[in-house]
Amino acid sequence: MKKISNALWSLASLVSIGSAALAASSEADFKSAYARADAAEQEAGHLRNQWLAAEAALADARKAAAKQDFETAIAAAKEAEALAKASIFQTTSEKEAWKNLEIH
Amino acid sequence: MRFWLTILAVAALSIAHPTHAADSIDPAADARAFRNYFVEKFPNVKLDDFANGPYSLNEDMRRQWEGKEQFPPYEFSLEAGKELFAKPFANGKHYADCFAEQGIGVRQNYPQFDGKSGQVITLELALNQCRETNGEKAISYTGDDMAALTAYMAFTSRGKPFDIKVPDDPRALEAYENGKRYFYTRRGQLNFSCATCHVQNPGERLRAEVLAPALGILNALPIYRSEWGGMGTTSRRFVSCNSQVRGVPLEPQAEEYRDLEYFLSYVSNGLPISGPGSRP
Amino acid sequence: MASSIRVRAIVNGETTEVQTLIQHPMDSGFIKDDKGEFIPAHFIQELTFEHNGRPVFVADWGTAVSKDPYVKFAFKGANKGDDLKVSWIDNKGETDTATFKIQ
Chain U
709 MKKISNALWS
719 LASLVSIGSA
729 ALAASSEADF
739 KSAYARADAA
749 EQEAGHLRNQ
759 WLAAEAALAD
769 ARKAAAKQDF
779 ETAIAAAKEA
789 EALAKASIFQ
799 TTSEKEAWKN
809 LEIH
Chain F
32 MRFWLTILAV
42 AALSIAHPTH
52 AADSIDPAAD
62 ARAFRNYFVE
72 KFPNVKLDDF
82 ANGPYSLNED
92 MRRQWEGKEQ
102 FPPYEFSLEA
112 GKELFAKPFA
122 NGKHYADCFA
132 EQGIGVRQNY
142 PQFDGKSGQV
152 ITLELALNQC
162 RETNGEKAIS
172 YTGDDMAALT
182 AYMAFTSRGK
192 PFDIKVPDDP
202 RALEAYENGK
212 RYFYTRRGQL
222 NFSCATCHVQ
232 NPGERLRAEV
242 LAPALGILNA
252 LPIYRSEWGG
262 MGTTSRRFVS
272 CNSQVRGVPL
282 EPQAEEYRDL
292 EYFLSYVSNG
302 LPISGPGSRP
Chain E
359 MASSIRVRAI
369 VNGETTEVQT
379 LIQHPMDSGF
389 IKDDKGEFIP
399 AHFIQELTFE
409 HNGRPVFVAD
419 WGTAVSKDPY
429 VKFAFKGANK
439 GDDLKVSWID
449 NKGETDTATF
459 KIQ
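Heads up: the sequence lines are chains U, F and E, in that order.
One rule links them: number in our numbering = place in the first sequence (from 1) + 708.
One rule links them: number in our numbering = place in the second sequence (from 1) + 31.
One rule links them: number in our numbering = place in the third sequence (from 1) + 358.
No wet-lab data here; the hints were simulated from the structure.
Fair warning: this is a prediction, and the values are worked out from it, not measured in the lab.
Here a beta-carbon is modelled for each residue, glycine too, at the ideal position from N, C-alpha and C.
Treat the hints with care, since some could be wrong.
As a list, the in silico EDC-like pairs of lysine to aspartate or glutamate whose alpha-carbon atoms are at most 20 Å apart [said to hold, decoys possible]: (1) F:Lys196 to F:Asp61; (2) U:Lys803 to F:Glu132; (3) F:Lys196 to F:Glu132; (4) E:Lys390 to F:Asp175.
For the chain F half of the interface with chain U, some residues (derived, Cβ under 10 Å), not all of them [stated by the list, open to error]: (5) Asp61; (6) Phe69; (7) Phe73; (8) Gly166; (9) Tyr213; (10) Ala245.
Partial pick of chain U residues on the chain F-facing surface, computed with a CB cut under 7 Å [to be verified]: (11) Glu751; (12) His754; (13) Leu760; (14) Ala761; (15) Gln776; (16) Ile796; (17) Phe797; (18) Trp806; (19) Glu810; (20) Ile811; (21) His812.
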């Protein structure tokens with residue numbers, strides 16, 4: 709009986725350590741996701757074409773992370789990164805594309 | 032063998048990408064083409080009337096506007112601007128000391144290219160430079176005081192044709208071209224350029240608003256917008272246009288905005304100053 | 359302090375045409391300021407035009423009228439040189455009044 713309860717106790721401890729480890733990796737995941745998004749948004753800033761939605765998504769990511777809701781935070785950070793990258797793509801392609809609108 | 036391949040590659044590259052000098056910047060040609068585009072698109076509109084924006088393209092709006100012009104909503108801001116303009120700085124000097132003709136009837140000359148600093152000086156920038164030169168703090172480019180001051184200065188120039196100069200200085204030509212490029216470049220999450228609304232769709236509706244033609248669009252600035260419940264500057268308009276296409280606005284009087292104002296004013300040369308204006 | 363009321367009243371045949379521009383914030387109470395707090399309602403509740411002591415135009419206003427209201431109307435029975443008295447009172451009890459000559 710004692711063996712089983714000891715085993716159960718060890719199992720329980722392992723699980724709790726495991727989920728703590730999981731939570732810690734989520735924060736690390738968030739940090740790297742946010743860093744990527746932030747870097748992309750900064751580049752968009754250098755190119756003078758940031759989108760309001762990217763800024764809003766970054767803010768949402770920060771808010772969720774502050775509440776320790778890393779799942780939401782990571783999703784928001786990924787959204788922000790996608791939006792920032794889209795704005796960079798827009799700026800790059802518009803370097804030539806603008807001429808199509810020009811009145812001649 | 033590799034040597035010759037390199038020569039061939041370089042030759043191919045130089046043919047495929049002509050140098051920038053070949054595409055010379057010709058503001059006068061641009062202005063002619065710009066004007067012709069709108070005159071052909073709207074043959075029933077008198078040239079000078081383009082300075083009245085949507086009222087030149089929509090009869091119903093025009094009637095309401097003409098009725099209100101007898102007692103315009105911008106009167107309070109205009110009076111405030113006259114008072115602000117006349118008020119001396121702490122050192123005893125006035126705004127009038129910073130401008131030609133005491134600042135009366137000069138609005139149509141702005142923006143101008145300043146050879147010394149190599150940048151475009153808009154009226155708003157000139158006013159704040161005047162303040163700082165005389166020991167005063169700069170005022171907000173999007174606030175009521177700047178709107179009132181520019182409204183007064185615009186009023187003293189009413190009827191005078193835009194007279195913007197782009198001197199044969201590579202820096203001025205570059206600033207002009209920069210402004211033109213900004214005008215036609217799509218931006219923001221909605222992927223609109225200034226041209227999308229004001230060249231491709233003037234007279235059309237964007238939700239409840241009727242879009243103004245780009246020709247003469249700055250002639251009425253600053254404007255009293257019913258939407259704002261007050262007078263707003265060119266800076267304010269550029270900033271709000273950026274956020275309306277879901278782009279993060281640049282800082283007021285950023286180089287891009289000043290160059291944009293330079294381009295848009297130049298291609299409207301000859302059209303009369305109609306400011307301060309009132310808009311929905 | 360300058361009056362908040364500007365009036366142009368012109369006789370045109372049998373009628374007098376009146377235009378007015380009044381400086382007033384006409385806050386509805388629904389708008390928030392920069393700090394996120396509601397700007398309290400502050401609007402004209404009653405606007406009265408009197409000719410020879412007789413009210414010729416009375417308006418009961420609420421929050422739907424915009425800032426710096428403009429009013430245009432016409433009435434009969436006045437002559438050039440007569441007085442037109444304009445007065446308003448708002449929800450805070452503030453008032454203003456001015457008298458103008460009909461042209």
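Verification of the hints:
A threshold of 20 Å between alpha carbons decides the hint, and for lysine 196 (chain F) with aspartate 61 (chain F) the separation of about 14 Å falls inside it, so the pair holds. Taken as a hint, the lysine 803 (chain U) and glutamate 132 (chain F) pair is broken in the structure, with Cα atoms around 41 Å apart against an allowance of 20 Å. Our distance criterion of 20 Å between C-alpha atoms is met by lysine 196 (chain F) and glutamate 132 (chain F), whose separation comes to about 18 Å. Between lysine 390 (chain E) and aspartate 175 (chain F) the alpha-carbon distance is near 18 Å, which keeps this suggested pair within the 20 Å criterion.
Nearest Cβ of chain U to the Cβ of aspartate 61 (chain F): about 8 Å, under the 10 Å cut. The hint holds. Interface hint at phenylalanine 69 (chain F): satisfied, since its Cβ lies 9 Å from the closest Cβ of chain U, which is below the 10 Å cut-off. Interface hint at phenylalanine 73 (chain F): violated, since its Cβ lies 14 Å from the closest Cβ of chain U, which is beyond the 10 Å cut-off. For glycine 166 (chain F), the interface hint is violated, the least distance from its beta-carbon to any beta-carbon of chain U being 33 Å, above 10 Å.
The interface hint given for tyrosine 213 (chain F) holds, since its Cβ lies 9 Å from the closest Cβ of chain U, which is under the 10 Å cut-off. Of the supplied interface hints, the one on alanine 245 (chain F) holds, with its beta-carbon coming within about 9 Å of a beta-carbon of chain U, less than 10 Å. Hint status for glutamate 751 (chain U): violated, given a least beta-carbon distance of 13 Å to chain F, over 7 Å. The interface hint given for histidine 754 (chain U) is violated, since its Cβ lies 12 Å from the closest Cβ of chain F, which is over the 7 Å cut-off.
Taking 7 Å as the C-beta cut-off, the interface hint given for leucine 760 (chain U) holds, the closest approach to chain F being about 5 Å. Below 7 Å, beta-carbon pairs count as interface contacts, and alanine 761 (chain U) has one with chain F at about 5 Å; its hint therefore holds. Look at glutamine 776 (chain U): its Cβ only gets to about 29 Å from chain F, farther than 7 Å, so that hint breaks. Contact between isoleucine 796 (chain U) and chain F, as hinted, is not supported at the beta carbon level, the nearest pair being about 12 Å apart and thus beyond 7 Å.
Given the 7 Å rule on beta carbons, the hint for phenylalanine 797 (chain U) is violated: about 11 Å separates it from the nearest Cβ of chain F. The restraint placing tryptophan 806 (chain U) at the interface with chain F holds, with a minimum CB-CB distance near 4 Å, inside the 7 Å limit. Against a cut-off of 7 Å between C-beta atoms, the interface hint on glutamate 810 (chain U) holds, since the closest Cβ of chain F lies about 5 Å away. For isoleucine 811 (chain U), the suggested interface contact is upheld, since its CB lies about 5 Å from the closest CB of chain F, less than 7 Å.
For histidine 812 (chain U), the interface hint holds, the least distance from its beta-carbon to any beta-carbon of chain F being 6 Å, beneath 7 Å.
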